[in-house]
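Chains as they are written, first to last, in the numbering used here: chain E, 1 to 234; chain F, 1 to 297.
To be clear, the hints were calculated from the coordinates, so they are not data collected in a lab. Certain hints may be false.
[To be verified] Simulated DEER-style distance windows between Cβ atoms:
#1 F:F51 to E:E126: 51 to 61 Å
#2 F:Q110 to E:K52: 40 to 50 Å
#3 E:R109 to F:Q130: 50 to 60 Å
[What the hints assert, rightly or not] Among chain E residues calculated to face chain F with C-beta under 10 Å, some are:
#4 N6
#5 N8
#6 I73
#7 V74
#8 E75
#9 R86
#10 Q90
#11 E98
#12 Y102
#13 S104
#14 A108
#15 V213
#16 G216
[What the hints assert, rightly or not] Pairs of lysine to any residue residues, derived as SDA-like cross-links and limited to a Cα-Cα distance of at most 25 Å, are as follows:
#17 E:K107 to F:R87
#18 E:K72 to F:I96
#19 F:K180 to E:K229
#20 E:K52 to F:G170
#21 E:K18 to E:K229
#22 E:K52 to F:R87
Bear in mind the structure is a predicted one, so any value in this text is a computation, not a measurement. No residue lacks a Cβ here, since even glycine has one placed at the ideal position from N, Cα and C.
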Amino acid sequence: MLRVDNLNVYYGMIHAIKDISLEVNKGEIVSLVGANGAGKTTTLHAISGLLKPRSGSATYLQHNLLTTPAHKIVECGLSHVPEGRRVFSQMTVMENLEMGAYISKDKARNQKILANVFEHFPRLEERKRQLAGTLSGGEQQMLAIGRAMMANPDMLLLDEPSMGLSPLLVKEIFKIIKELNDDGITILLVEQNAKQALSIAHRGYVLETGKIVLSGNAAELLENDAVKKAYLGG
Amino acid sequence: MEFLFNLISGISLGSIYAIIALGYTMVYGIAKMLNFAHGDVIMVGAYICFFATMRFGMPPLAGVLLSMVVCTMLGIIIERLAYKPLRQAPALAVLITAIGMSYFLQNSAQLLWTSSPKVFQSVVGTINGQTGLKLFDGALSVSYVTIVTIIVCVIIMLALVTFVNKTKTGKAMRAVSEDKGAAQLMGINVNTTISLTFAIGSALAAVAGVLLCSAYPTLVPTTGAMPGIKAFTAAVFGGIGSIPGALIGGILLGIIEIFAKAYITTQLSDAIVFAVLIVVLLVKPTGLLGKKVSEKV
Ligand SMILES: Nc1ncnc2c1ncn2[C@@H]1O[C@H](COP(=O)(O)OP(=O)(O)OP(=O)(O)O)[C@@H](O)[C@H]1O
Ligand SMILES: [Mg+2]
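Based on the sequences and whatever the hints tell you, model everything.
Below is the structure:
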């Protein structure tokens, strides 16, 4: 469904992504794990058009992502929940969700998706008139995911959805990610929290300083000694 | 009575500043740049209306509309040609370009229309041969231009606030002003949004130019410069980026200016205006209604 081949991304002189290739098949949860600064966010930004890679290719279904303008990519059915949530803090929860449905003119369908979002995140419905900037971190993360769902995507890119959340909320968020996948949404999940991320994934990739060093079945990666040592605390 | 007269004059002048300040503040909010050529778009707007009505005999309202159309296009072209290529450039480069654009417009106007002053005829007509209202048995006379200016300003404010808060496009504008990247992920075209902002700001500049020259009829290529700077001051005063801030900043600035002229000294009125600005910014660096922006890391 999503295919990245030999991607190279630079920040000026810094070679942040070195020849990365990865693939996500329809219906999968694929986790991309790695330490701080490994290049996880950079990879996602390149996929969703916020950054221009120097070379390589990225395709989603039949779309060439590297020639598609960033604001057109969501129309292909690929939504990105960015690192740090990036909700529109001066806008209400409801307005944020409306922005999520910006590309859709079908009011009835939007209403249905909204109901679905509120079902997953009842907290958002309670706070729909509140400014997003006044939500707690966990609520903002729910809003960021809900906002992406409003575009009715077939695939979600999630960038560290567990960042800064309490263990209980992390569990909750991962449960919801699993549910979304059960609903048929394909997921590329970026996480530092390798254990959690791999435990809900079908497959995984391990990124280290811009290179993919390991990949494979998620359960096997969880058992891999190198992964255990580096990311799972021994 | 004199106090009331000055207050109304101040509000009216302030309304013009407010309309101009809206252009500064919206462009700043979306494109994060100070468009110093904005004042000169006002001047272009006034010239267009002048030629349309005086030379080509168009009715005043048609002249205003034509002037708005021309300025809208001018605003979009300026952004496309001069600012868009600098989207990733340092703020200083953009600022210098904007100042350059300002001189370019002034010099072009000089070349096209010479620097000899044109006498602008008010687009606000007379009613029963009167140019204004006489109130309190003639003790207070308020010109129609003054009244129309205030009404137009109120209408523009209400329309803009509604647009930005209630329409999808307006909300998308606010989204872009907060976070361009996240807005793009929603499918919002940032370039189109920026163009739209310049278009609205420039159309308002045309209105401001016409109102300004209706009240102060001498039209020269530098007509827009000083009101432009004062409106910029008003925008900062009210809190740059804030639409209600532009209104309040503009009106207060107009009142302060007129009162300084009436009760202190005409020569120093501008100095007083800027002194007030400095004091406000010392006390509240984000302006009256400015929000504290937390820098993103
Ligand atoms: N705008 C930028 N300019 C220069 N270098 C950058 C920029 N953004 C990221 N980098 C560098 O690129 C590398 C990869 O960064 P990236 O944000 O992709 O890492 P990450 O894996 O998402 O890390 P984290 O888990 O901390 O979010 C880092 O070395 C970082 O310093
Ligand atoms: Mg990251």
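Hints and how they fare:
1. Separation of F:F51 from E:E126 is about 59 Å and conforms to the stated range, judged on CB atoms against 51 to 61 Å.
2. Distance hint check for F:Q110 and E:K52: the Cβ-Cβ separation is about 42 Å, which falls inside the suggested range of 40 to 50 Å.
3. For the hinted restraint 50 to 60 Å between E:R109 and F:Q130, the CB-CB distance of approximately 59 Å keeps it satisfied.
4. The restraint placing E:N6 at the interface with chain F is violated, with a minimum CB-CB distance near 25 Å, outside the 10 Å limit.
5. At its closest, the beta carbon of E:N8 sits 20 Å from a beta carbon of chain F; the interface hint therefore is violated under the 10 Å criterion.
6. About 8 Å separates the beta-carbon of E:I73 from the nearest beta-carbon of chain F, less than 10 Å, and the hint is met.
7. Among the interface hints, the one on E:V74 holds; its C-beta lies about 4 Å from the nearest C-beta in chain F, closer than the 10 Å criterion.
8. For E:E75, the suggested interface contact is upheld, since its CB lies about 6 Å from the closest CB of chain F, less than 10 Å.
9. A distance limit of 10 Å between C-beta atoms decides the matter here; for E:R86 the minimum to chain F is near 4 Å, and the interface restraint holds.
10. Given the 10 Å rule on beta carbons, the hint for E:Q90 holds: about 6 Å separates it from the nearest Cβ of chain F.
11. Proximity of E:E98 to chain F holds as hinted, the smallest CB-CB distance being about 6 Å (cut-off 10 Å).
12. This hint holds: E:Y102 has a C-beta 5 Å from the nearest C-beta of chain F, less than the 10 Å allowed.
13. A cut of 10 Å between beta carbons decides the hint on E:S104: the least distance to chain F is about 9 Å, and the hint holds.
14. At about 16 Å, the closest approach between the beta carbon of E:A108 and any beta carbon in chain F exceeds 10 Å, and the interface hint on this residue is violated.
15. Checking E:V213 against chain F by beta carbon gives a least distance of about 28 Å; that is not within 10 Å, so the hint is violated.
16. Taken as an interface hint, E:G216 does not check out: its beta carbon lies about 30 Å from the nearest beta carbon of chain F, beyond 10 Å.
17. Note on E:K107 and F:R87: the hinted pairing is violated, with a Cα-Cα distance of about 35 Å set against a maximum of 25 Å.
18. Between E:K72 and F:I96 the alpha-carbon distance is near 33 Å, which puts this suggested pair outside the 25 Å criterion.
19. Between F:K180 and E:K229 the CA atoms are separated by roughly 39 Å; this puts the pair beyond 25 Å, and the hint is violated.
20. As the CA atoms of E:K52 and F:G170 are separated by approximately 28 Å, the hinted pair breaks the 25 Å bound.
21. With a C-alpha separation of about 23 Å, the suggested pairing of E:K18 with E:K229 holds against the 25 Å cut-off.
22. The hinted pair formed by E:K52 and F:R87 meets the criterion: a straight-line CA distance of about 15 Å does not exceed 25 Å.
Hints 4, 5, 14, 15, 16, 17, 18, 19 and 20 from the earlier list are contradicted by this structure; the remaining hints agree with it.
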